[in-house]
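With these hints in hand, go ahead and build the complete structure from the sequences.
Taken in order, these protein sequences are the chains called H and R.
If you're matching positions, the first sequence starts at 941 in my numbering and goes up one per residue.
If you're matching positions, the second sequence starts at 941 in my numbering and goes up one per residue.
Don't read these hints as lab results, they were simulated from the structure.
Worth double-checking, as some hints may not be accurate.
Residues on chain R that point at chain H, a partial pick, calculated with CB under 7 Å [what the hints assert, rightly or not]:
| id | residue |
| --- | --- |
| 1 | L955 |
| 2 | A983 |
| 3 | R997 |
Once the Cα atoms are required to be at most 27 Å apart in a straight line, the calculated BS3-like pairs of lysine-lysine come out as [to be verified]:
| id | chain 1 | residue 1 | chain 2 | residue 2 |
| --- | --- | --- | --- | --- |
| 4 | R | K968 | H | K982 |
| 5 | H | K982 | H | K1001 |
| 6 | H | K1001 | R | K982 |
| 7 | H | K968 | R | K1001 |
| 8 | H | K968 | R | K982 |
| 9 | H | K968 | H | K1006 |
| 10 | H | K1006 | R | K982 |
| 11 | R | K1001 | H | K982 |
| 12 | R | K1006 | H | K982 |
| 13 | R | K968 | R | K1001 |
| 14 | R | K982 | R | K968 |
| 15 | R | K1006 | H | K968 |
| 16 | H | K1006 | R | K968 |
| 17 | R | K982 | H | K982 |
| 18 | H | K968 | H | K982 |
| 19 | R | K1001 | R | K982 |
| 20 | H | K1001 | R | K1001 |
Every residue, glycine too, gets a C-beta built ideally from N, C-alpha and C.
Protein chains: 2
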Amino acid sequence: MNFRVHVRILPRRGLLDPQGQAVEHALKALNFEGAGNVHVGKAIEIDVAASDEAAARATAKAMCDKLLANPVTEDYQIEVEAR
Amino acid sequence: MNFRVHVRILPRRGLLDPQGQAVEHALKALNFEGAGNVHVGKAIEIDVAASDEAAARATAKAMCDKLLANPVTEDYQIEVEAR
Chain H
941 MNFRVHVRIL PRRGLLDPQG QAVEHALKAL NFEGAGNVHV GKAIEIDVAA SDEAAARATA
1001 KAMCDKLLAN PVTEDYQIEV EAR
Chain R
941 MNFRVHVRIL PRRGLLDPQG QAVEHALKAL NFEGAGNVHV GKAIEIDVAA SDEAAARATA
1001 KAMCDKLLAN PVTEDYQIEV EAR
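Below, the structure is given as structure tokens:
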């Protein structure tokens, strides 16, 4: 079966996020007053062939741990969608 | 009310995505054989103060159109979560 995996990788809370701060300042300069706590990271989409959803999620987790995310500075979330 | 907005910005389908291709090659080099159709973009999280979920979504859409996404080359998806 094929699954579409959506991975969201963001800087770990408490670590410096200069890109998030830059976006927050730019939003305020555009008069989006109610915006705050902005964080910027990576969104990755991958088609994964796996026997079931749990296997697809495990594969995606392995991809994050081995390649996609920096385990020291980043946290990731995985969403799996059947195709 | 405060809402947590998750924005996912990805290269428009059909446009060149060299970063996605690089990640796909790297995954195959790591023996993730079942992976394909990889796309890499930006994940942005923003706290938005708004009267209801529809207003928060409209604000996030305006942020994407005015600042966050490039309307020529990128597509975005917005998820709104009440806090």
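To see whether the hints hold, each was checked on the structure:
Among the interface hints, the one on R:L955 is violated; its C-beta lies about 14 Å from the nearest C-beta in chain H, farther than the 7 Å criterion. Annotation: R:A983 was flagged as interfacial toward chain H, and the flag holds, the nearest CB pair being 4 Å apart, inside 7 Å. The closest approach between the C-beta of R:R997 and any C-beta of chain H is roughly 13 Å, which is over the 7 Å cut-off, so the hint fails. A C-alpha spacing of about 20 Å is found between R:K968 and H:K982, which places the hinted pair at or below 27 Å, so the restraint holds.
Taken as a hint, the H:K982 and H:K1001 pair is honoured in the structure, with Cα atoms around 15 Å apart against an allowance of 27 Å. Taking the CA atoms of H:K1001 and R:K982, the gap is about 19 Å. The hint holds against a cut of 27 Å. A hinted pair counts as satisfied when its Cα atoms are at most 27 Å apart, and H:K968 with R:K1001 qualifies at roughly 15 Å. Note on H:K968 and R:K982: the hinted pairing holds, with a Cα-Cα distance of about 20 Å set against a maximum of 27 Å.
Proposed proximity of H:K968 and H:K1006 is contradicted: the alpha carbons are some 37 Å apart, above 27 Å. The straight-line distance between the Cα atoms of H:K1006 and R:K982 is roughly 20 Å, inside the 27 Å bound, and the hint therefore holds. For the proposed pair R:K1001 and H:K982, the alpha carbon gap of about 19 Å is at most 27 Å, so the pair holds. This hinted pair checks out: R:K1006 and H:K982 have alpha carbons roughly 20 Å apart, not beyond 27 Å.
Note on R:K968 and R:K1001: the hinted pairing is violated, with a Cα-Cα distance of about 36 Å set against a maximum of 27 Å. At roughly 22 Å between alpha-carbon atoms, R:K982 and R:K968 fall within 27 Å of each other, so this suggested pair holds. Taking the CA atoms of R:K1006 and H:K968, the gap is near 12 Å; set against the 27 Å cutoff, the hint holds. For a cut-off of 27 Å, the pair hint linking H:K1006 to R:K968 stands: about 12 Å separates their Cα positions.
A distance of roughly 4 Å separates the Cα atoms of R:K982 and H:K982; the hinted pair therefore holds under the 27 Å criterion. At roughly 22 Å between alpha-carbon atoms, H:K968 and H:K982 fall within 27 Å of each other, so this suggested pair holds. Proximity of R:K1001 to R:K982 is assessed by CA-CA distance (about 15 Å); at most 27 Å being required, the pair is judged to hold. Distance check on the hinted pair: H:K1001 and R:K1001 sit about 30 Å apart at the alpha-carbon level, beyond 27 Å; violated.
In the structure shown, a violation is registered for the earlier hints numbered 1, 3, 9, 13, 20, in ascending order.
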